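S.K.: Given chain S, put chain A in place with the hints provided.
Protein chains: 2
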Amino acid sequence: MKFFTVTLLMCLVTANAIAAWESLPTEAPAPADNPTTEAKVELGKMLFFDPRFSATGTVSCFSCHNVMEGGDDHRSSSIGVHGQIGGRNAPTVWNAAFLSTQFWDGREATLEDQAKGPVTNPIEMGMASLEDAIERVRAISGYKVYFEAAFGAGDAVTIDNAAKAVAAYERTLITPNSPYDRYVEGDRSALSVQAIRGMETFEQAGCMSCHSGAAFAGPALPMGTGFFMKFPTFPDRPDIEKYSLMEDEGRFTVTGNVADKNVWRVPTLRNLEYTAPYFHNGTVKGLDDAVRIMAQSQLNKDLSDAEIADVIAFLESLSGEFPQQTMPRLPPTPGDLLE
Amino acid sequence: MKFFTVTLLMCLVTANAIAAWESLPTEAPAPADNPTTEAKVELGKMLFFDPRFSATGTVSCFSCHNVMEGGDDHRSSSIGVHGQIGGRNAPTVWNAAFLSTQFWDGREATLEDQAKGPVTNPIEMGMASLEDAIERVRAISGYKVYFEAAFGAGDAVTIDNAAKAVAAYERTLITPNSPYDRYVEGDRSALSVQAIRGMETFEQAGCMSCHSGAAFAGPALPMGTGFFMKFPTFPDRPDIEKYSLMEDEGRFTVTGNVADKNVWRVPTLRNLEYTAPYFHNGTVKGLDDAVRIMAQSQLNKDLSDAEIADVIAFLESLSGEFPQQTMPRLPPTPGDLLE
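These protein sequences, in sequence, are chains S and A. In terms of the working numbering, the first sequence opens at residue 1 and continues consecutively. In terms of the working numbering, the second sequence opens at residue 1 and continues consecutively.
Chain S extracted, bound-state conformation:
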């Protein structure tokens, strides 16, 4: 996986960010080998919600990515099988399709690759292997017809096809038409005076150095590129230690490259009001603290309480329209599926 270095990125985005405020597209890009189809989305939604492919039969994608709310699980870090607690805050699945890498540390290039990770993670879904997981899918005979509808007859029930279907469903999880989107598309009444003031503060303070683009997670880049930033850039601020923000070394845990210590994928800012608590370790509970800490740790700036309130009003204007989710019907369980 290619990715720009931090320094190069900072130059790039400083040049680009001024260009335009972007609204969120109503369709997400899909890779050439996995065009989004209705049949894939239908199957992918079933798999996304089905807890039967976890060691205990109780944990699904949906468990930590609750699409009835912010697409995360409102915990500091998630709980997987056997009550085990993970190490990082679950990122939202809403608009993940617009990010050019997946996971906080960007360790997977695509939604297809991401979808396989939690299945065999021992503290998430805890399956012994991907093969064990797809064997469970095969054992639920009612799934076969959906795989064949999505991928053609033959050996359709494969882990790669399952991942493609889940990714196709996730590409429908986008939240356009926020007040901010309507504003930048010309509806000048869509934002309050305070939110507009916050938008200006957000730009002038330099937040858009990283949080640019339609998802406020950096510019659109080829899939797998990744848009990363060191966090904290100014590590001596007292809240950094208070909230243990340097304990997890981020992308360094993937690459082993010293330059990647405390480097993270820049997260989206959309629907933030639904995704508390904040940051990679979920230690910061309020948006006010989150904004204050980001200004200090990334821009070495101390925003006033009034400026913080304005920026929050702006950030709240990034909550879009959540497409209504109809629950899938899942095929019945053979009695011996879960021993």
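Just so you know, these hints were derived from the structure itself, not from any lab. Since the structure is predicted, the reported quantities are computational estimates derived from the model, not experimental observations. Mixed in with the good hints, there may be bad ones.
[Stated by the list, open to error] Derived DSS-like pairs: lysine-lysine, alpha-carbon spacing no greater than 25 Å straight-line:
no., chain 1, residue 1, chain 2, residue 2
1, A, K144, S, K285
2, A, K116, A, K144
3, S, K285, S, K242
4, S, K144, A, K242
[To be verified] Okay, the calculated bits of chain S under chain A, using three or more residues with CB under 8 Å as the criterion:
no., stretch
5, 50-59
6, 65-72
7, 77-84
8, 267-281
9, 284-298
[What the hints assert, rightly or not] Listed below are several chain A residues computed to face chain S (Cβ distance under 10 Å; list not exhaustive):
no., residue
10, M68
11, H82
12, I159
13, T275
14, P277
15, P328
Here a beta-carbon is modelled for each residue, glycine too, at the ideal position from N, C-alpha and C.
M.R.: Using the frame of chain S, we list chain A on its own:
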């Protein structure tokens, strides 16, 4: 709570069961103090799916009563907070509105009373008290408007109202128009020849002594009455020990009355193909074993393999139409909700 003694029941149902094959009503009865309204159903659905009122924020009614499938969790016994494992098989929530008591041991009279139980059960949702649970609901300020729409302005966010709303939603979880229902309503082509043969075997063998009525869980009785039966009635059959079917003493654990040892609420037979594994302890994985054991343990009869296959064809004809479930949108989480 009143309930008939086993002996009285056996007489009653022998007289009643012959009367008629009943189809499932398309509406469930509601108690006088909780008429079903759209606003209650909407709120109740939100609460049913919301995991934030459990100790870990991960367990909702939906976790063990999966309405995407059989209304249970396809496990022998459920998993609650902190990975703890419960003692009994989760009963289906589909058509629970037609049962005159709730829980396997009938310890609660109504869906309203049932809804409160798992919240404070330490191995289910694990909240310290119902008051703690409703405090969490109050902390999610977006809920208030839904409680007021359902129950009027004022002190609407109460545990009793929450339980009423959940019960109102559950009264919509009914599955009419199964092949069986269409058959008894006059569509003679709705059942296969084998299913009709199984229906006759089911009646002649005596299964309807207990599994009568629209839900095949006994006759319609006033709410809170309860329709109970000893299981096993013939305890010396080898499978009783093999599947540990007498270890849990059932209703005796509620009443302390020796006559209630190994007495259970008669469960519904609807949608059985979706609710494996079977019985109160979930030890029996296949419908074939379940039918064979029931005939032996309750009727002292040994059905042939062909008879068992016929009865299964009949039981599978009891799978109805599952009303499509639209996911609720849940109001956002304050960052400090889950410490």
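S.K.: Taking the hints in turn, state whether each one holds.
M.R.: Now for the hints, and whether the structure bears them out:
1. A:K144 - S:K285: holds, 22 Å
2. A:K116 - A:K144: holds, 19 Å
3. S:K285 - S:K242: The hint holds at about 13 Å.
4. S:K144 - A:K242: violated, 34 Å
5. 50-59: Our answer is that it holds, as 6 residues pass the Cβ test (under 8 Å) against chain A, meeting three.
6. 65-72: holds (count 5)
7. 77-84: As far as the stretch 77-84 of chain S goes, the hint holds, because 5 residues have Cβ atoms under 8 Å from chain A.
8. 267-281: holds (count 5)
9. 284-298: With 4 residues closer than 8 Å to chain A, the stretch 284-298 of chain S meets the three-residue bar; holds.
10. M68: Holds, because the Cβ-Cβ distance from A:M68 to chain S comes to roughly 5 Å (cut-off 10 Å).
11. H82: holds, 4 Å
12. I159: violated, 21 Å
13. T275: Status holds, d = 8 Å.
14. P277: holds, 5 Å
15. P328: Since the shortest Cβ distance to chain S is 6 Å, the answer is holds.
Hint violations for this structure: numbers 4 and 12, all remaining hints satisfied.
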